[in-house]
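Protein chains: 2
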Amino acid sequence: MTRSNGEAAHDDIRVAVSTVIFSLRHGGEDLPSVVLPLVRRTRDPHAGQWALPGGWLDVSENLEAAASRTLAETTALTPSYLEQLYVFGDVGRSPSRVVSIVYWALVREDVASTPLPEDENVAWFDTADLPELAFDHRSIIEYALWRLRNKVGYSRIAHGLLPDLFTLAELREVYEAIGGKRLDPANFRRQVEGSGTLIPTREFRTGSHRPARLYRYNHDVELADRGPLPR
Amino acid sequence: MTRSNGEAAHDDIRVAVSTVIFSLRHGGEDLPSVVLPLVRRTRDPHAGQWALPGGWLDVSENLEAAASRTLAETTALTPSYLEQLYVFGDVGRSPSRVVSIVYWALVREDVASTPLPEDENVAWFDTADLPELAFDHRSIIEYALWRLRNKVGYSRIAHGLLPDLFTLAELREVYEAIGGKRLDPANFRRQVEGSGTLIPTREFRTGSHRPARLYRYNHDVELADRGPLPR
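Order-wise, the sequence lines are chains A and B. Numbering of the first sequence is given in full-length UniProt numbering, commencing with residue 1 and proceeding in unit increments. Numbering of the second sequence is given in full-length UniProt numbering, commencing with residue 1 and proceeding in unit increments.
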């Protein structure tokens, strides 16, 4: 694990932690948008461009704690799901050598709707209409979207974007927003009811439509199986 | 991305790259074993204990290049598959702060059977019978095994453990070794033939058993879909 030659070669590598934070935003009759908060850089490199929330890893701080801290500092958001995404460390991705450990997070739409900190340098963007991004952050976001679309197919992470009680139509809209296309309501109902992961409640959502039963998900089960990872 | 207070707090973090290298080993009538090479540490911390092959990340070296280099330096092996596994960076995992970027690799059994470098401090171990391991390397190996078992179910990475031409029985044994249980030959044949990912050749394996057709896999398709990751 140690090299016999000089130590200088790896002392110039700095470790950053950044987070891709997904939420949904409803608007009109269209599918909800998948949105994420970005932070405008106030210094070089890439001053003025938008970037993922993040910061330097502190020597006394665990990785996931650093992700949560930088997420709270820049957006004041608490995620319902947080997972390590990937490490981006190409030599040329920054003027100095920076290894970025990237996490991805889900934030419920009602949580994401609380105002961001009074800061013109923090804003939500539609993932389908991103501004110019600093460093390799566009490809990081593309990879995170790919992971989100894949994972929604074999885990229950869609629930991370929903409040505790939700209708089947609301759950279907999460899948539709992530997949980018409408789903057949009857087929969808059959599939999720057959999966046995939803718990029907005795409550109903009432309003302009006919009453719709509210469901909740089982908190005893993790949203995604992360295997024997140390906690 | 930059902090206004002192830089010292993150200058004491060093970045290492390690690799979990899986291969198979046949022996007798039992299932083949999933094996991996380990390196005995010759200095503290954990002198004398076995550890994953690895080394410090060089400032001018990409992550995957560092994984390939340390893999070649310690074991002289060339993998048929190499993928980033996870970053392990807990504060307490080493006396000094070390963030380990871990890759996992597959090596074909015929490649793994070539002798290791003349070094009593490098040896192959059965993953079912590991020695005492340095740092958190046991839980890293457990996580890599979990990833291998999961990924074999939804990708074609089993082919990374096989030579270019193989029989259905040899492919089945890879799945059996990773899953740890025998599979029904007729069911297995039906499933893989139905998947359409195997190309039958006109060659046959002859020997003590009746001739068995040799198959190859389509090199045009990646062993696993890694999405829009930068190469």
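Take the hints with a grain of salt, since some may be wrong.
Which copy is meant is left open, because identical chains are indistinguishable; a pair holds if it fits in one copy or across any two.
The list that follows gives simulated cross-link-like pairs (lysine to any residue, SDA-like), each with its CA atoms no further than 25 Å apart [said to hold, decoys possible]:
| id | residue 1 | residue 2 |
| --- | --- | --- |
| 1 | Lys181 | Gly227 |
| 2 | Lys151 | Pro200 |
| 3 | Lys181 | Leu229 |
| 4 | Lys151 | Leu229 |
| 5 | Lys181 | Arg226 |
| 6 | Lys181 | Val59 |
| 7 | Lys181 | Pro228 |
| 8 | Lys181 | His26 |
| 9 | Lys151 | His26 |
| 10 | Lys181 | Gly48 |
| 11 | Lys181 | Ser60 |
| 12 | Lys181 | Arg40 |
| 13 | Lys151 | Gly179 |
| 14 | Lys181 | Trp124 |
| 15 | Lys181 | Val34 |
| 16 | Lys181 | Glu203 |
| 17 | Lys151 | Gln84 |
| 18 | Lys151 | Ala212 |
| 19 | Lys181 | Val87 |
| 20 | Lys151 | Glu203 |
Keep in mind the hints are simulated off the structure, nothing from the lab.
Hints, one by one, checked against the model:
Taking the shortest alpha-carbon separations for Lys181 and Gly227, only the inter-copy value of 20 Å comes in at or below 25 Å, while the best intra-copy value is 31 Å. Taking the closest pair of Cα atoms, Lys151 and Pro200 come within 25 Å of each other only inside a single copy of the chain (24 Å); across copies the shortest separation is 33 Å, beyond that limit. Taking the closest pair of Cα atoms, Lys181 and Leu229 come within 25 Å of each other only across two copies (24 Å); inside a single copy the shortest separation is 34 Å, beyond that limit. Both within a single protomer and between protomers do Lys151 and Leu229 lie at most 25 Å apart by alpha-carbon distance, with minima of 17 Å and 16 Å respectively.
For the homomeric pair Lys181 and Arg226, the shortest alpha-carbon distance between copies (23 Å) is at most 25 Å, but the shortest distance inside one copy (28 Å) is not. In the homo-oligomer, the alpha carbons of Lys181 and Val59 never lie at most 25 Å apart, since the shortest distance is 44 Å inside one protomer and 44 Å across protomers. Only between protomers do Lys181 and Pro228 lie at most 25 Å apart by alpha-carbon distance; the minimum there is 21 Å, versus 34 Å within a single protomer. In this homomeric assembly, Lys181 and His26 come within 25 Å of each other (Cα to Cα) only inside a single copy, at 15 Å, whereas the closest approach across copies is 48 Å.
When the C-alpha separation of Lys151 and His26 is checked against a cutoff of 25 Å, the pair qualifies only within one copy, where the shortest distance is 22 Å, while the shortest distance between copies is 35 Å. Taking CA atoms no more than 25 Å apart as the test, Lys181 paired with Gly48 passes in neither setting, with 34 Å inside one copy and 57 Å between copies. Proximity of Lys181 to Ser60 under the C-alpha cut-off of 25 Å is found in neither arrangement, the shortest distances being 44 Å within a copy and 43 Å between copies. For the homomeric pair Lys181 and Arg40, neither the shortest alpha-carbon distance inside one copy (31 Å) nor that between copies (53 Å) is at most 25 Å.
Proximity of Lys151 to Gly179 under the C-alpha cut-off of 25 Å is found in both arrangements, the shortest distances being 11 Å within a copy and 22 Å between copies. Only within a single protomer do Lys181 and Trp124 lie at most 25 Å apart by alpha-carbon distance; the minimum there is 22 Å, versus 49 Å between protomers. In the homo-oligomer, the alpha carbons of Lys181 and Val34 lie at most 25 Å apart inside one protomer (13 Å), although the nearest pairing across protomers, at 42 Å, exceeds that limit. With identical chains, the CA atoms of Lys181 and Glu203 are never at most 25 Å apart, being 29 Å at best within one copy and 46 Å at best between copies.
In the homo-oligomer, the alpha carbons of Lys151 and Gln84 lie at most 25 Å apart both inside one protomer (13 Å) and across protomers (17 Å), since each shortest distance falls under that limit. With identical chains, the CA atoms of Lys151 and Ala212 are never at most 25 Å apart, being 27 Å at best within one copy and 38 Å at best between copies. For a Cα distance limit of 25 Å, the shortest separation of Lys181 from Val87 qualifies neither inside one copy, at 30 Å, nor across copies, at 34 Å. Taking the shortest Cα distances, Lys151 and Glu203 never come within 25 Å of each other, neither inside one copy (29 Å) nor across copies (40 Å).
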